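Given these sequences and hints, build the entire structure.
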Amino acid sequence: MLRIVPLPPRDTQAFLALPKRVYQGDPNWIPPLMMERKEFLDPRKNPFFQHAKVQLFLAQRGREPIGRIAAIINDAHNDYHKEQAGFFGLFECLSGEDEAAAALLQAAEAWLKERRAAFMRGPVSLSTNELDCGLLVEGFDTPPVFQSAYNPPVYEAYIQAHGLEPCKDLLAYQKVYDPPLPERLVTVIERLRSRQHVTVRIINMRDLTADVRRITDIYNEAWSANWGFVPITEAEAEHMAKSLKLAIVPELALIAEVGGEPVGCFVAIPDLNPALKRMQGRLTPWGLLSFLYHRHRTDTVRVAMMGVKRRYRRLGIDLLLLDRVWELAPPKGFRRAELAWVLEDNELMTRAIDQIGGMPYKRYRLYQKAF
31 MLRIVPLPPR
41 DTQAFLALPK
51 RVYQGDPNWI
61 PPLMMERKEF
71 LDPRKNPFFQ
81 HAKVQLFLAQ
91 RGREPIGRIA
101 AIINDAHNDY
111 HKEQAGFFGL
121 FECLSGEDEA
131 AAALLQAAEA
141 WLKERRAAFM
151 RGPVSLSTNE
161 LDCGLLVEGF
171 DTPPVFQSAY
181 NPPVYEAYIQ
191 AHGLEPCKDL
201 LAYQKVYDPP
211 LPERLVTVIE
221 RLRSRQHVTV
231 RIINMRDLTA
241 DVRRITDIYN
251 EAWSANWGFV
261 PITEAEAEHM
271 AKSLKLAIVP
281 ELALIAEVGG
291 EPVGCFVAIP
301 DLNPALKRMQ
311 GRLTPWGLLS
321 FLYHRHRTDT
331 VRVAMMGVKR
341 RYRRLGIDLL
351 LLDRVWELAP
361 PKGFRRAELA
371 WVLEDNELMT
381 RAIDQIGGMP
391 YKRYRLYQKA
401 F
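Residue 31 is where the sequence shown starts when you use my numbering, and the numbers rise one by one after that.
Accuracy of the hints is not assured; some may be wrong.
With a cut-off of at most 20 angstroms between alpha-carbon atoms, the simulated SDA-like pairs for lysine to any residue come out as follows [claimed, not checked]:
hint, residue 1, residue 2
1, LYS275, ARG381
2, LYS272, PRO77
3, LYS205, PRO77
4, LYS83, ARG40
5, LYS198, ARG381
6, LYS75, ARG40
7, LYS275, ARG236
8, LYS272, MET335
FYI, nobody ran anything at the bench for these hints, they're computed from the structure. Note that the structure is predicted; figures quoted are calculated from it, not measured.
In structure tokens:
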């Protein structure tokens with residue numbers, strides 16, 4: 031008998047254990063670190079819950095967990111966009127369990143309707159500020175990089191069967207560091223370098239909290255007009271810095287300044303997934319040592335954030351940031367970058383990535399259903 035069980039806030043053990051069954055035998059799946067996932071869903075530890083309500087649901091056949099979903103009301107999103115959005119995320123379901131998938135989506139919809147949501151959008155992790163946003167619909171042949179969404183192809187059918195329709199496509203691009211930037215851009219960059227009032231520096235790990243605040247301030251202004259944007263709070267920024275501290279390579283986190291004012295940023299993270307795969311979701315003493323050894327022994331980075339404040343966008347600061355990272359990354363052993371996620375209809379960004387030789391290789395999709 032199929033049951034959909036709403037879970038208490040911190041009863042997450044079975045919810046978090048389910049993906050191991052779903053992806054058993056899938057060589058591309060990366061087991062998440064269970065300790066980190068528990069903290070992510072803990073309202074006492076994740077500042078996202080300061081402005082959001084989340085209900086977790088577990089699908090069971092008998093006593094056996096076979097699917098899961100989260101229903102989310104993000105008050106910060108709704109206040110910023112002046113709408114009554116509801117979200118669903120963290121969706122997983124065993125193959126062949128069409129009935130369970132439909133029941134989970136229906137449970138999330140009913141919960142959102144009770145809280146006066148006008149529509150249902152997803153999948154997200156918890157919000158559109160997360161890097162692992164959307165449903166993977168193209169690019170199943172290569173493993174995901176760090177904090178990228180990954181799912182079986184059948185999920186698209188599950189979601190469409192519930193009446194959800196595509197609302198936004200997100201692209202992941204890849205770019206290798208060799209060959210370098212196109213010659214025409216190098217000429218422009220050399221001219222820009224002569225402007226002494228623009229400086230690009232690496233992040234200060236000794237004053238990480240202050241630099242994270244500077245990057246957050248840049249992000250919140252530079253991205254404010256983007257679809258799905260929600261301002262990052264100071265508490266969320268500090269939580270993010272803490273969780274990524276072991277992952278950050280200073281040479282991949284850059285701040286551009288004009289007259290001492292931070293006006294642009296570039297943040298890339300090494301692909302930690304090969305190191306995480308060795309740990310199989312468990313933080314044992316040996317696993318931690320293995321992670322610390324392998325975390326930077328990857329040739330791939332993920333460009334997680336890049337932005338320039340609006341009034342400074344005609345100074346070529348974005349090119350200066352790219353040029354500096356192209357100078358600093360290869361000596362660290364990085365040969366390939368993933369730029370994700372990028373809105374497909376963000377023509378300014380997609381055109382800029384095309385100009386530096388980036389190629390789209392994965393596609394993620396967000397769906398929506400009006401009530």
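query = Hey, LYS272 versus PRO77, does the alpha-carbon distance stay inside 20 angstroms?
reply = 12 angstroms, holds
query = Would the pair LYS83 and ARG40 pass a check requiring their Cα atoms to be no farther apart than 20 angstroms?
reply = At roughly 13 angstroms apart (the allowed maximum being 20 angstroms), ARG40 and LYS83 satisfy the hint.
key: LYS75 paired with ARG40 [C-alpha distance capped at 20 angstroms]   = It holds: about 11 angstroms lies between the C-alpha atoms, which stays within 20 angstroms.
task = For the pair we were handed, LYS275 and ARG236, check the Cα-Cα distance against 20 angstroms.
result = At roughly 11 angstroms apart (the allowed maximum being 20 angstroms), ARG236 and LYS275 satisfy the hint.
key: 20 angstroms Cα cutoff - pair LYS205, PRO77   = Roughly 34 angstroms separates the two Cα atoms, so the pair is violated.
message = For LYS198 and ARG381, compute the direct alpha-carbon distance and say whether it is at most 20 angstroms.
response = Status holds; Cα separation ~18 angstroms.
query = Do the alpha carbons of LYS275 and ARG381 lie within 20 angstroms of each other, as the hint requires?
reply = 32 angstroms, violated
Given hint MET335 paired with LYS272 - CA-CA distance at most 20 angstroms = 17 angstroms, holds
Hint violations for this structure: numbers 1, 3, all remaining hints satisfied.
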